[in-house]
Amino acid sequence: MRHKKKKNRMHMPKSMAQEADRHALYQQSVQSPEADVEFFTERFEQLRNRPALRLREDFCGTALLATTWCESDPERTAVGVDLDGATLGWGREHNLAPAEPGVRERVELIEADVRAAEAAPVDITCAMNFSYCVFKTRDELRGYFEAARRGLKDDGIFIAELYGGTEAIDILEEERELDDFTYVWEQAMFNPLDHSTTCHIHFDFPDGSRLKNAFTYEWRLWTIPELRELLLEAGFQEVRIFWEEVEEDDDDDDDDDNDDDMLSGTGEYVEVTELDENQESWLVYLIALA
Amino acid sequence: MASQADRHALYEQAVQDPQRDVNFFSRVYRRMRGHEPLRLREDFCGTAALCHAWAESMPERTAIGVDLCQDTMDWGWRRRIAPAGDELASRVSLIRADVREVRSPKVDLACGLNFSYQCFKTRAELREYFEAVRAGLDKDGLFFIDLLGGMESMIEGVTDQDHGDFIYRWEQARFNVRTHDFLCYIHFVFPDGSELRRAFTYDWRLWTAPELSELLREAGFSKVHFFWEKTDPDGEGTGVFYEPAFVENQEIWWTYMAAET
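As you go down the protein sequences, you meet chains U and H in turn.
Letter 206 of the first sequence, counting from 1, is numbered 205 in numbering that gives the first Met the number 0, and no numbers are missing.
Letter 27 of the second sequence, counting from 1, is numbered 26 in numbering that gives the first Met the number 0, and no numbers are missing.
It should be emphasised that the hints constitute simulated quantities derived from the structure, not laboratory data.
Each hint should be verified, as a subset may be incorrect.
[Stated by the list, open to error] Selected chain U positions facing chain H (in silico; Cβ < 8 Å):
1. Asp193
2. His194
3. Thr197
4. Thr222
Think of the CB as a built atom: it goes at the ideal place given N, C-alpha and C, for glycine as much as any other residue.
With the hints as constraints, model all of the structure from the sequences given.
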């Protein structure tokens with residue numbers, strides 16, 4: 000009996016969650032590198048009156064953005080920095096290897112602390128997906144911003160992404176359906192005494208399986224004025240803020256019982272100057288000028 | 000009724016509870032320091048209701064109130080402190096000054112309540128204020144502030160509180176997410192329909208708990224404590240405070256922080 004049971008288990012088909020590749024799912028559900036490249040290109044031209052050619056992607060993970068940057072223009076080069084060698088390896092195999100040789104040669108990957116990595120100066124350094132929120136003290140975060148500034152050319156810019164709003168400081172679980180799976184964002188903990196937060200990404204599959212805690216983040220949720228102050232303390236000249244314009248989303252309404260207006264991003268970014276009211280949830284780019 | 004109303008009297012009735020503050024501060028001080036605090040400094044004192052309650056609570060106690068507005072302090076002196084008698088009045092002094100300028104005489108307890116310190120909108124200004132407070136505290140002194148937070152603290156909105164003979168209306172008129180600039184009003188509404196609009200206006204920066212901790216430490220305070228009010232099974236405040244390491248965020252909350260010299 001025992002033997003048979005074991006054999007059965009061996010032949011049990013794997014669930015979709017067991018088969019899944021969390022990096023591929025992450026790229027599909029969280030990242031939109033083409034939109035980022037377009038936004039960076041336009042902003043840099045507008046701010047500096049010249050094209051941006053060299054990008055540094057901090058906390059690059061699979062270096063999808065660095066790869067996309069180099070694919071967008073044969074003149075462009077990129078450097079990706081991340082602490083996690085395994086994730087960089089995944090990116091080499093799945094993003095860089097399939098790319099054109101001309102692209103591959105223009106992407107350099109460095110396994111290091113973003114505060115310590117040395118690379119030739121760049122036009123743009125970016126810290127996407129809130130990764131810098133791992134730095135929980137002002138000293139640590141200022142240290143990172145100083146390093147980012149040191150790595151820029153004289154007229155370089157630093158771009159960091161931040162989320163916020165009244166729902167960002169609450170616990171919640173939010174689902175977004177993609178073609179083959181559901182992306183689940185969970186804010187599991189937020190402590191208003193120190194603004195520490197724990198968030199998870201889970202992936203749910205049509206066979207009912209779940210890839211639980213595919214990614215876990217232990218962050219401090221910084222506010223816009225705090226980041227502005229630290230960027231200026233780190234020596235940046237000026238900080239500008241952009242957020243995505245939103246429109247009412249008609250597609251999502253059918254399976255939604257409540258009548259709340261679902262807003263979705265338009266891909267158009269406007270500078271936040273007068274439009275400064277808080278919302279339930281927002282996402283901004285802070286652009287710091289060296 | 001609005002034209003007859005006295006905004007300072009309404010404010011004291013609706014917003015302040017000086018006896019509770021005196022009891023709470025004394026209890027925390029005794030527990031931390033092992034003796035009774037005698038000298039209090041009330042920054043942004045307004046009508047100095049807390050100074051009055053402090054001096055009244057014990058014959059050995061003295062209080063200093065500091066505020067920029069002479070008229071408001073005069074109101075408190077005339078309405079409350081002078082009528083309490085010469086002996087009590089001799090133990091209270093009200094100083095018209097910028098709270099950042101006052102560094103003596105030394106006191107056991109200092110406080111900046113009703114979020115008034117939020118008029119300082121830059122880190123440098125707020126740190127300077129905290130430094131001044133610390134300089135004015137004795138070596139085992141304690142500094143109390145209150146703070147406001149929660150999901151609904153960062154949006155616009157109006158809340159009403161019925162006090163029987165008037166409604167206290169708190170309006171968050173503007174919250175700027177870029178700067179945390181926070182514009183608020185207090186209105187009073189009366190049963191005859193009349194309204195004392197914008198009886199008080201506050202042009203603040205809504206500082207967050209971690210920012211306040213950091214600035215207090217930068218100003219030289221050695222340790223910062225958060226207090227949180229215990230709630231009963233219905234979620235109502237019980238008036239009992241404890242020191243948590245973690246709390247769940249709420250729609251709106253206010254609480255005390257204490258900083259040790």
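Consistency of the hints with the structure:
1. Asp193: holds, 5 Å
2. His194: Result: holds, 5 Å to nearest chain H Cβ.
3. Thr197: Where the cut-off is 8 Å and the nearest Cβ of chain H is about 11 Å from U/Thr197, the hint is violated.
4. Thr222: Hint on U/Thr222: holds, closest Cβ of chain H at ~6 Å, below 8 Å.
Hint violations for this structure: number 3 only, all remaining hints satisfied.
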